[in-house]
Amino acid sequence: MILYKKLTTGTQKQTINNFIKHMNSGHPVIVLYYADWCGHCHEFKPIFDKTAKRILKHFKGDLSIYSIEDSLLQKLSRSNQFIENEIPGYPTVLYYSSTNDIASNKEMYSGERTSSELLKWIKNKSTLKRLKKNTQKNKQKRGRRVRNRNRTKRM
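So the sequence shown is numbered by the working numbering: it starts at 31 and just counts up by one.
These are calculated hints, taken from the structure and not from any lab test.
It is possible that part of the hints are untrue.
[Claimed, not checked] Result set (DSSO-like, lysine-lysine): computed pairs, CA atoms no more than 30 Å apart in a straight line: (1) K150 to K36; (2) K136 to K83; (3) K80 to K36; (4) K136 to K90; (5) K51 to K136; (6) K159 to K90; (7) K153 to K75; (8) K153 to K83.
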């Protein structure tokens, strides 16, 4: 199952607890750490959101994707060991692999800040599989099959 959540200062406690569970579950997690006051974040966050939505729409697999605002990060850092205050700058995208040793098994995204490059990096890191496309030809074929099936039932 692919999950995408945005965590900000107004996020409910249950959503934050779910994030903590995902981080401790041993499943792969990708996190965008950003700050509202950061100009680069204002440019990159829509690209990250677009990429996450593309993944939700076109892929299947086991991956959790989060975007976390810096003020919430400070609160999480105080209460949880796995989040470090050593984010080198904003925006930062980290991939936490599917192992339980989160602190040593993370990788920072350092590619271009484009949706296509970010998607390529995420696909290389995770086990996502592309969903079948619902092309017009496939829809027409399915429609013919349904009509043919209905004809045979009537006879």
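Hint by hint, here is what the structure shows:
Restraint check: the Cα-Cα separation between K150 and K36 comes to about 21 Å, which is no more than 30 Å; the hinted pair holds. For the hint pairing K136 with K83, the CA-to-CA distance comes to about 23 Å; that is within 30 Å, so the pair holds. A C-alpha spacing of about 13 Å is found between K80 and K36, which places the hinted pair at or below 30 Å, so the restraint holds. This hinted pair checks out: K136 and K90 have alpha carbons roughly 22 Å apart, not beyond 30 Å.
Proposed proximity of K51 and K136 is supported: the alpha carbons are some 17 Å apart, at most 30 Å. Between K159 and K90, the direct Cα distance comes to roughly 5 Å. Compliance with the 30 Å bound is thereby established for this hinted pair. Pair hint K153 plus K75 holds up; C-alpha atoms about 19 Å apart against a cutoff of 30 Å. For the hint linking K153 to K83, the alpha-carbon distance of about 14 Å falls within 30 Å, and the restraint holds.
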